[in-house]
Every structure is written in C-alpha cells, then in structure tokens.
Amino acid sequence: MAHVVTCFVRERGEVLLTRRSDAVGTYRGRWAGVSGYVEGDPDDAEADARRELREETGLTDDRIDLVRAGEPLAVDDEAGSFTVHPFLFESDTREVTPNEELAAVEWTDPTAIRDRETVPRLWETWRRVGPTVDDVESDRTHGSAWISARALEALRDAAAEADADDWDAVAATARDLRTARPGMAAIANRIDRVVADAIRASDGAAPDPDAVVDRAIDALGAALAADEEAAATAVRRLRDADATAIATLSRSGTVREAIDRLGPARLLVAESRPEREGVDVAERAVDATDAAVTLTTEAALPTALDRYDVDAALVGADSVFPDGGVVNKTGTRVLALAARSLGAPVYVVASRDKVRPSGAEVSDREAPDERSPADLVYDGDRDVSVHAPTFEVTPGELIDGIATEAGLLSGADVRAVAEEHAENAGWT
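For reference, each letter of the sequence shown is one residue, going 1 to 428 in this note's numbering.
FYI, nobody ran anything at the bench for these hints, they're computed from the structure. Treat the hints loosely; a few may be bogus.
[Stated by the list, open to error] For each label pair, taking beta carbons as the anchor points, the in silico distance ranges come out as: (1) Glu106 to Asp413: 38 to 44 Å; (2) Arg415 to Glu370: 22 to 28 Å; (3) Gly380 to Arg415: 44 to 50 Å; (4) Glu39 to Val386: 44 to 50 Å; (5) Asp65 to Glu39: 21 to 27 Å.
C-beta atoms are modelled at their ideal positions from N, C-alpha and C, and glycine is treated no differently.
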C-alpha cells in the first residue's frame, strides 16, 4: 500500500485547493489538497509534506507553520490502495507558484470540498485536521482571537455535516463550543451571534444547518476584520500619543498585529512565566519590525519600564467585563500597576466581541480557573504547592482605553456592547 500526504494550507480561514493536471498519474482533473507520495519513513511524513508544498506551490518553511498532523486514513478504489497522511499548515501568504502537476489553484472555504469532484474522501481527510471542540478547549498556546476563529470553523464544519432536519446536533455543538473556554468571551459571543441570527432568520423555528454554515463563514471573515481594525485603532491612539517605546506580554495575535503596524523604536516584552509565550512574541517582533526588542520577566517589569522609558503598555484581553475590567494572562496587573506608577497609559486592544454579556453573576467576574503546568514552576520532590494561574483580572481603573474595531470605547460604550451580546445569548 502506497503512502501519500495531503496538505491543507490555511490563510485567514480559507484553504488552498488544487485541481490535478494531466501531468499526474491518478485522479486527473479532480480537486485535492497539495498531495504527493511519501518517499521516506511514513512515520516522518511531515518532511514529505513540506517537500510537496515547496515543489508544487513554492511555499517554503519560513512562510508556513504546522498546525496539525491528522490520523492517517486508508483509501481503496480503482486507482489503487493508499494510506493518506493529512496535514494542516497555516500560511502567512496566498502567493503560490503552481508547478505542472496543478491545473488550477483556489483559496476557498473548506466546505466547498463537499460540492466538488475531488480525490476520494477529501472531506474526511480535512476533518482529521480541521478544528474541533476539543481543540478549542485544549489550546493553551494561542490567544482568544485565534481560538474563537477556530470555534467558528468547528461550528461551520459540524453544521455542514448535519442533515437538514438535524438542528439538535448543530445546537449541541454550538453549546459545547460556547462553554469550552468560559474565560474567552469572544468564543461564546461569536457562536451566539451565528446561531441567534440563524434562528431570527427562520422566524424562531429550527434553522436549516446550511444557514448556520453560511453565517459561520461570514462571521469568520467579520471576526478577522474586526481584530485587524481593533489593532488599527490601537496604532492610531499610540501614534497620537507619540508613543515609541511599548511594553507588552504574553501572546496576543491582535497585539502582534498592532506592533507590526506601529513599528515602535523599542519593544519591551515580559516573557509570561511559566510557559514563556512572550519569547515567541519577542522573536517575531525582531523579524517583523526594526524595534530594539528586550525580553524581561514579570518580576522585573517595574524597573524595566523605568529603565527603557516606556511610553505606553499594550495588552490583549480574553474578556472585558461590562465595568471595564479585563481578563488576560497573569502578569497583566503587574504591568498595569507598574505603568500607572510611571504615568504611562495602559491600552487594551480587543474586538467588541471580547466584551462579556451583561447580567453576569459576581462569581463570573473572576478569571477562569485555568492553571499552567505545576512542574514548570516546581519539579522537585518536596511538599511544595504551586500557584500558577493562567489568567487574572486587571481592574478597569488601571486601564486607560479599550481599542476596538469601533474605536476607543468609553464605559457607556462597553455596557451597550455587553447588552447586545446578552440579547444574542438568549437563544440558549
């Protein structure tokens, strides 16, 4: 049985589909991912996946990041017997250079696979690497903007597979997604908007799952645009304030976008102990900007802000409370307090979908009970307990502004957004 790779490349929620040319030996004219034979050890098929991407599309390792290798699946038909090794890569570009094996290429939503003549079991191959509820629940690497986009994709794919009269299955997936990460408001808000809009369009009856597919696709595009516009708002505010030395922490895609656009002269990054996501932020800033980048610890932030004459602090948010308080990675409060003591403003960059719905109980105004692995803090053999919460609440009085796609929000603006989200959440 031959081993082959099938690579899906995703950029801004769409994947690269290719139509096989007459130069290939099998499945001519059919749509596929980027595919090819495994020439080495099937257990190291990633090397073959990257080679095929270079040869067929010109996408090199510096433009793509591996998201997932899926479980192989067997394909048997008249063309032969194959073990397919699925891969999903994230790309920072849509510029590809097809070789002679590809008759056409197209960036499109993955659900388009279901309506095309494809190589065998291509949709199932996608589903082995596409986002799931479990991915949303377990991702401890990315920020909430990224994870909420994956939640929309998971809802889209579940709805695409549902029968026309199987609304209950779609609703169950939506409920699982909206509660998968209670501390990340954007996930529930974006799922709620998709489902509530579909229900409203069906006059309160159970919607057709296809309506959820369409709205999830639209919501994904809107979410990506909102995060970019929120970053643009933050950049405008920082430029108006003549801020050229910026401090941040943790790993927020929206903050990274703002930093790339701003191009500060200096960037101070707290490493975000104990998992040290800030290291990646610092390295990416070196590659993407001309800033002088300094990495520090949260404990050293007060002296570092003073030493490097930081003009402003910019952080992301997993949630924004109706009263303006912010849930973000632990260390945010230290940064905000240190900046406040030096007279440097603190800005949060977050889309409006990160505002929690109004009406939350007092107990909900706390950080989610998520913790970093204890052995990253202490791996000895003594009876030592570890306190390593992943998130914390920074009070609204320490925040100077929340930069969103709708501009810099005031307290009244935040409360109005919270009420809008509460109305959408009523579908449950």
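Okay, the hints, checked on the actual structure:
The beta-carbon spacing between Glu106 and Asp413, approximately 40 Å, falls within the hinted interval of 38 to 44 Å. Separation of Arg415 from Glu370 is about 27 Å and conforms to the stated range, judged on CB atoms against 22 to 28 Å. Restraint check, Gly380 to Arg415: a C-beta distance of roughly 48 Å satisfies the suggested window 44 to 50 Å. About 46 Å separates the C-beta atoms of Glu39 and Val386, a value consistent with the hinted range of 44 to 50 Å.
The hinted range of 21 to 27 Å is satisfied by Asp65 and Glu39, whose Cβ atoms lie roughly 23 Å apart.
In the structure shown, no violation is registered for any of the earlier numbered hints.
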